[in-house]
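With these hints in hand, go ahead and build the complete structure from the sequences.
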Amino acid sequence: MSGPEKDTTMEKFSTLTGIAAPLPLVNIDTDMIIPKQFLKTIKRSGLGVNLFDEMRYDRQGNEIADFVLNQPAYREASILVAGDNFGCGSSREHAPWALLDFGIRCVISTSFADIFYNNCFKNGILPVVLPQDDVAKLMDDAERGANATLTVDLESQTITGPDGGTIAFEVDPWRKHCLLNGLDDIGLTLEKAASIDAFEARAAAERPWV
Amino acid sequence: MSGKTLYDKIWEAHLAHEAEDGTCLLYIDRHLVHEVTSPQAFEGLRMAGRTVRAPEKTIAVPDHNVPTTPGRENPDQMPEDSRIQVAALDTNARDFGIHYYPVSDIRQGIVHIVGPEQGWTLPGMTVVCGDSHTATHGAFGALAHGIGTSEVEHVLATQTLIQKKSKNMKVEITGKLRPGVTAKDITLSVIGATGTAGGTGYVIEYCGEAIRDLSMEGRMTVCNMAIEGGARAGLIAPDEKTFDYVMGRPHAPKGAQWEAALAWWKTLYSDDDAQWDKVVTIAGEDIAPVVTWGTSPEDVLPITATVPAPEDFKGGKVEAARRSLDYMGLTPGQKLSDIEIDTVFIGSCTNGRIEDLRAAAEILKGKTIKVKRAMVVPGSGLVRAQAEEEGLAEIFQQAGFEWRMAGCSMCLAMNPDQLSEGERCASTSNRNFEGRQGYKGRTHLVSPAMAAAAAVTGKLTDVREMM
Chain L
1 MSGPEKDTTM EKFSTLTGIA APLPLVNIDT DMIIPKQFLK TIKRSGLGVN
51 LFDEMRYDRQ GNEIADFVLN QPAYREASIL VAGDNFGCGS SREHAPWALL
101 DFGIRCVIST SFADIFYNNC FKNGILPVVL PQDDVAKLMD DAERGANATL
151 TVDLESQTIT GPDGGTIAFE VDPWRKHCLL NGLDDIGLTL EKAASIDAFE
201 ARAAAERPWV
Chain Z
1 MSGKTLYDKI WEAHLAHEAE DGTCLLYIDR HLVHEVTSPQ AFEGLRMAGR
51 TVRAPEKTIA VPDHNVPTTP GRENPDQMPE DSRIQVAALD TNARDFGIHY
101 YPVSDIRQGI VHIVGPEQGW TLPGMTVVCG DSHTATHGAF GALAHGIGTS
151 EVEHVLATQT LIQKKSKNMK VEITGKLRPG VTAKDITLSV IGATGTAGGT
201 GYVIEYCGEA IRDLSMEGRM TVCNMAIEGG ARAGLIAPDE KTFDYVMGRP
251 HAPKGAQWEA ALAWWKTLYS DDDAQWDKVV TIAGEDIAPV VTWGTSPEDV
301 LPITATVPAP EDFKGGKVEA ARRSLDYMGL TPGQKLSDIE IDTVFIGSCT
351 NGRIEDLRAA AEILKGKTIK VKRAMVVPGS GLVRAQAEEE GLAEIFQQAG
401 FEWRMAGCSM CLAMNPDQLS EGERCASTSN RNFEGRQGYK GRTHLVSPAM
451 AAAAAVTGKL TDVREMM
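As they're listed, the protein sequences go chains L and Z. The numbering of the first sequence is the numbering used here, which starts it at 1 and goes up by one. The numbering of the second sequence is the numbering used here, which starts it at 1 and goes up by one.
Don't read these hints as lab results, they were simulated from the structure. There is no bait here: all hints are sound.
Simulated pairs of lysine to aspartate or glutamate, EDC-like, Cα-Cα distance not exceeding 16 Å:
| # | chain 1 | residue 1 | chain 2 | residue 2 |
| --- | --- | --- | --- | --- |
| 1 | Z | Lys-57 | L | Glu-200 |
| 2 | Z | Lys-459 | Z | Glu-423 |
| 3 | L | Lys-192 | Z | Glu-18 |
| 4 | L | Lys-40 | Z | Glu-80 |
| 5 | L | Lys-43 | Z | Asp-81 |
| 6 | L | Lys-40 | Z | Asp-81 |
| 7 | Z | Lys-440 | L | Asp-58 |
| 8 | Z | Lys-370 | Z | Glu-402 |
| 9 | Z | Lys-165 | L | Asp-172 |
| 10 | L | Lys-43 | Z | Glu-43 |
| 11 | Z | Lys-164 | L | Asp-172 |
Below, the structure written as structure tokens:
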């Protein structure tokens, strides 16, 4: 199934080669990714400077030198390799907006929280779930900094490390299709308006109190 | 063929379209909207020239960002960015013709308290909101979950969500609870047992005698924190308590429609031979009043326990525990009941309902707080009014609590209700994440009765000693 060109609003994701930053902490929540004081915006843009704000800056706004994204090797990172259960907590889509605005297009972990995982696909970010051993290997690669870029190929569903080794990953075919083509799924759903109309008519008869 | 779970039944009743690859369009009966996660969605609609498909099924209320101090209708009370966000919701509600409860309306409150209170939430419905605690509505046997802003826009435009079905998980709490143990202790104990990712990929149905014995308010507390266990949604099958709660509410069905609805609602339970992908069973008798010691909702222990050591854990949790203990300023081996508290917060969509305020007031009656500050933020204007009528507000105020207006307040601390650096809070809210209640603030999650007990003694306290 393919969507019409007019519904292309999200940046496409095909192949990404970039520096991977290691963030081994487990249970990184969306409050950590973007603290609440930055949710007062009515825009989607401009949040990258506040990504991981309270881990990244001190109270005076100075960078905390040992935080990974402040280290010279990782300032241009476009991939995160993270601990288990990344993105748990609040549903705030400001979390993927902040990641995207910083330049992160792919996050790799053993597991993601459900809502965050969905939100990534709506914003052209690829979340990759891999077994513990593979994540550990990529974490080691990431710790080698700028000398260790990864290549993420969505079409072939592979990640290639700096030593040439390749890891395969799974992704839902529909989500892959939308990400590869940068499709806006509202437009695609509206093409099924007849099904929605029919459902509403049926539901109105069966459950008129709703 | 095996039987169906409650989740299976609600899912099938809302399937508007299913593609060959299993991608489904799920029809949404109720869409709740608040000021923080909706402005970009409405902006998206405008930019694409789209409308709200079903404004009559869409309900908006400002809650996350609003001040909770009296006189707040005056816009000068709000910082400019908050004012702009609330004003945007005012405008969007008016422009798109959706139901709206502004700050000046006594029915305003936390969206997950307003929905059930007004009868918008009914058994067997699909309910979504751009807020993870939408799971609350599962207490009615409604399939309810949080969504991101792009999905808010998708629901506004199409009244559907693109979904894949989750797996079925049963959490059974058998037998009776012991005195002093509440719904909050159940839900925290479940997360303590399963971990914050234990429910990832699942919809949980809570069942068992201890769940049946809970009031609707207690059931909402349990389902509210399903998301903290990683689940997409939490559900409890509707029963007579559910129907009694719903009957007569402003937007509940009436007359013949009530009878028709009731007949369907009574079919909403999991069949005896339903298939479960995961089952967790906890004996109600084994649950104690609990507190959290760390910075994840899975860091749960009975109040009688001591602070754990990082070495007590495995894998990535060792480093996470070390970081949590450092952040929380705690030492392994320290008794949890020796931890001194600066602040007590009673409120939130987890524990901001009338029953929660009654439980806290029961402990506080005739006593005075020993903490530096304590506040009660009722979950809605109607909860506040009822608490005043019942004399609870007076008990709180005489004990030294601030008596606030309705909103999310210090649960996420977007408004001025925040912890300062190092300030330690016993909180009835749902998240103890780093910085959640204020930069470097320290949160211990507890039940309303436990929060009240901590307020009286100035330390985390076993409420059973005060009963």
